[in-house]
Amino acid sequence: MNTRRASAVNRRTLLAGVGASAVAAAVPLRRGLAASTLKVGVLLPRSGPQAQLGIECQIGADLALPILKTEGYPDLEFMLGDTETKVDVARAQCEKLIDAGAHAIIGCFDSGQTMAAAQVCEQKNVPLVVNIAAVPKLTELGYKWVFRNFPTGPMIVGDAFKNQKRLFGATGATPKTVALLHVNDTFGSSLAGALFALTPKFKMPYKIVEKIPYDPYGRDFSAEVRKVKAAKPDALWTVSRLNDAIAITKELVRQRVELMGILSTGPGWYDNAYLKATGKFGDDVVNLIPWYDENKPMTQKLKAAFAKAHPDLLMTTNQSFSFDAVLIAADAFKRAESTKNTALQTALRQTDITNNVTLGKGIRFNEKGQVPYVPCGAVQNRGGKHVVLLPQEAATGKPIWPMRPWRER
Amino acid sequence: MDFWTLANAVTSGLLIGLVYGLSALGLSVIFGVIRIVNFAHGEIMVMGMFFALLMFRWLGLDPLLSVPLAAALLFAFGYVLQLFVVSRVSHLPEHMQFLLLAAIAIMIVSALLMIFGPDAQGVQVGYAWDSFAVGELLIDYPKMFAAIASVIVAALLLAFFKYTMTGKAIRACADNRTGAQVVGLNVGRLYALTFGVGAACLGAAGAIILLLFEVHPYLAPGYTLLAFVIVIIGGLGSLFGALVAGILIGVSEALAALLFQPSMKSAFSFALLIFVLLLRPQGLLGKAIR
Chain D
21 MNTRRASAVN
31 RRTLLAGVGA
41 SAVAAAVPLR
51 RGLAASTLKV
61 GVLLPRSGPQ
71 AQLGIECQIG
81 ADLALPILKT
91 EGYPDLEFML
101 GDTETKVDVA
111 RAQCEKLIDA
121 GAHAIIGCFD
131 SGQTMAAAQV
141 CEQKNVPLVV
151 NIAAVPKLTE
161 LGYKWVFRNF
171 PTGPMIVGDA
181 FKNQKRLFGA
191 TGATPKTVAL
201 LHVNDTFGSS
211 LAGALFALTP
221 KFKMPYKIVE
231 KIPYDPYGRD
241 FSAEVRKVKA
251 AKPDALWTVS
261 RLNDAIAITK
271 ELVRQRVELM
281 GILSTGPGWY
291 DNAYLKATGK
301 FGDDVVNLIP
311 WYDENKPMTQ
321 KLKAAFAKAH
331 PDLLMTTNQS
341 FSFDAVLIAA
351 DAFKRAESTK
361 NTALQTALRQ
371 TDITNNVTLG
381 KGIRFNEKGQ
391 VPYVPCGAVQ
401 NRGGKHVVLL
411 PQEAATGKPI
421 WPMRPWRER
Chain X
543 MDFWTLANAV
553 TSGLLIGLVY
563 GLSALGLSVI
573 FGVIRIVNFA
583 HGEIMVMGMF
593 FALLMFRWLG
603 LDPLLSVPLA
613 AALLFAFGYV
623 LQLFVVSRVS
633 HLPEHMQFLL
643 LAAIAIMIVS
653 ALLMIFGPDA
663 QGVQVGYAWD
673 SFAVGELLID
683 YPKMFAAIAS
693 VIVAALLLAF
703 FKYTMTGKAI
713 RACADNRTGA
723 QVVGLNVGRL
733 YALTFGVGAA
743 CLGAAGAIIL
753 LLFEVHPYLA
763 PGYTLLAFVI
773 VIIGGLGSLF
783 GALVAGILIG
793 VSEALAALLF
803 QPSMKSAFSF
813 ALLIFVLLLR
823 PQGLLGKAIR
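Listed in order, the protein sequences are those of chains D and X.
The first sequence begins at 21 in our numbering and counts up by one.
The second sequence begins at 543 in our numbering and counts up by one.
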């Protein structure tokens with residue numbers, strides 16, 4: 021007698037179930053479906069010469085998550101990518117993040133690396149929210165998926181000229197000659213190009229007597245500084261990164277190059293690592309840079325969270341613009357109510373944020389995906405801290421200009 | 543361009559060139575004797591830099607005082623590496639040796655990344671910002687001390703090869719391996735000693751260079767390339783040639799930066815390399831291959 025029992029799960033059912041599970045696992049829920057969490061690829065230089073700066077950006081992004089949650093924004097999940105400070109790696113990592121399921125990308129701190137990521141995002145139809153990158157063509161090439169709340173090179177230089185005139189006017193000390201020392205990468209050369217293009221327009225009181233590009237991977241900066249010294253400028257204007265800024269400062273002191281002042285447009289000279297490495301010799305440098313607005317409520321929240329999490333560091337451009345990039349993505353996701361790429365794109369185009377962190381009236385993108393005007397400030401290093409000189413409404417102190425001689429510090 | 547500006551550039555190039563020369567000596571020593579091109583050259587030197595960094599942080603030791611310790615540590619590393627790893631592939635084709643040393647280089651970088659992270663790190667010695675003047679010639683203390691230390695280490699190395707029995711035995715191996723074996727020299731041990739000495743040289747150079755530049759794990763390929771340029775210009779296997787070529791590179795880069803553009807410094811180094819390869823392929827002080 022056959023005593024085999026009927027079972028609810030027979031061999032065929034089991035095989036069908038396993039097959040269906042395998043198919044389901046192989047075809048994950050991709051972009052296009054409503055979801056409670058937006059997966060954001062945060063692509064930054066986490067190794068190589070810009071590692072420290074990328075890490076500082078990540079701090080701003082990390083602090084955004086809990087703050088935005090309390091503000092009623094939906095959940096975001098970060099997927100981390102490392103550009104290794106290389107353009108080709110930025111491209112490959114961006115592809116990898118998107119293939120792994122990122123609904124949007126935030127990055128990449130550096131213009132060249134961001135350009136590479138932008139090309140990938142355009143090909144894959146994934147929104148790229150730029151945290152920091154100044155190269156103008158990023159939003160001039162007709163890209164449909166790139167959104168930037170960061171000033172372009174011409175905006176930075178334009179504001180730098182205006183703020184310089186205000187500084188010279190307020191202190192009564194105007195340099196007649198200036199040497200421009202800039203890093204020879206996409207960011208540095210585009211900013212220096214914008215500087216030269218706009219110099220006649222702003223009728224500056226000085227002449228640029230020497231333009232000195234240098235290798236971004238350079239080790240020894242004695243020759244660069246010697247060239248500055250030979251040009252005998254009243255002031256030095258730099259476009260640098262972090263490690264080169266430290267090395268250049270050392271050489272300026274050792275070679276006893278006394279100047280009316282050092283103006284910096286770009287990262288490096290205001291960074292925490294710079295202030296720590298240079299001590300009193302890093303004082304009096306005037307940074308003409310994108311900055312944050314202390315008066316905005318969101319800035320107060322970010323500053324409080326930052327001070328609690330990193331009591332030994334000062335908040336800078338890196339954290340504030342990275343925070344705003346996360347805010348932009350979260351805000352778009354909240355309104356889109358979907359992780360679908362086209363829904364996010366539409367929501368990003370309709371962005372209208374006023375309670376953000378960075379200087380300016382708020383975040384609204386034009387048809388190119390660019391916030392039309394992101395103002396810059398003038399921030400001076402003083403005793404290992406930052407003193408905001410300009411804009412006037414955000415000022416926290418008065419300038420020291422001309423700067424103090426090296427040997428009198 | 544006035545005289546003092548040029549004089550300052552030449553002096554600075556000379557000082558930094560001596561340090562470059564020392565960093566290339568390790569490559570020259572190893573190739574000159576064992577006939578293996580050390581593609582982990584820069585990585586071993588960066589190990590020396592990190593060791594000196596640790597000594598500074600833990601014991602407050604000036605990198606210059608760490609030189610003997612870094613040299614000793616990396617001597618042991620090089621000795622063991624040659625004895626147990628590199629010697630096993632010395633009979634294989636050159637591309638196999640290359641792959642082995644490239645793999646070792648990658649492993650070193652990965653280990654350094656895990657231990658120290660990717661950030662640039664440096665030391666702040668008391669004289670880091672100081673310089674002294676001779677007329678209008680300005681010489682900064684870190685560079686001067688680094689150059690003096692490099693000369694001392696290079697002199698000790700040359701004296702070791704010229705005056706000690708072990709040094710002479712190593713030179714005998716380099717001149718005629720079979721002959722050295724016939725007269726009873728332990729070639730395997732001498733090769734291990736040579737790799738150790740080359741690595742010690744890199745350890746010393748690393749500790750000295752930390753005085754001038756910050757260190758991070760990705761620094762190595764640049765130094766490997768620089769060392770190749772220097773030893774090819776100086777002559778593969780020629781110790782004195784490496785020092786001379788180091789100075790030549792240092793001075794030419796300093797002058798190129800001053801007279802043309804700083805971003806063209808590397809271009810001048812490579813132009814010099816091409817020039818030497820075309821006119822004197824064996825290098826400035828190398829022996830011609832017959």
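Everything labelled a hint here was simulated from the structure, so no lab data went into it.
On a predicted model such as this, the values are computed, not experimentally measured, just so you know.
Certain hints may be false.
Claimed, not checked - The list that follows gives simulated cross-link-like pairs (lysine to aspartate or glutamate, EDC-like), each with its CA atoms no further than 16 Å apart:
id: 1; chain 1: D; residue 1: K321; chain 2: D; residue 2: D82
id: 2; chain 1: D; residue 1: K144; chain 2: D; residue 2: D102
id: 3; chain 1: D; residue 1: K252; chain 2: X; residue 2: D544
id: 4; chain 1: D; residue 1: K300; chain 2: X; residue 2: D661
id: 5; chain 1: D; residue 1: K196; chain 2: D; residue 2: E278
id: 6; chain 1: D; residue 1: K296; chain 2: X; residue 2: D661
id: 7; chain 1: D; residue 1: K252; chain 2: X; residue 2: D661
id: 8; chain 1: D; residue 1: K381; chain 2: D; residue 2: E413
id: 9; chain 1: D; residue 1: K300; chain 2: D; residue 2: E115
Here is how each hint holds up against the structure:
1. D:K321 to D:D82: Distance of about 14 Å is within 16 Å: holds.
2. D:K144 to D:D102: violated (19 Å)
3. D:K252 to X:D544: Holds - the C-alpha atoms of D544 of chain X and K252 of chain D are around 12 Å apart, at most 16 Å.
4. D:K300 to X:D661: violated (23 Å)
5. D:K196 to D:E278: Status holds; Cα separation ~15 Å.
6. D:K296 to X:D661: Holds: K296 of chain D and D661 of chain X sit about 14 Å apart, inside 16 Å.
7. D:K252 to X:D661: violated (34 Å)
8. D:K381 to D:E413: holds (13 Å)
9. D:K300 to D:E115: Distance of about 44 Å is beyond 16 Å: violated.
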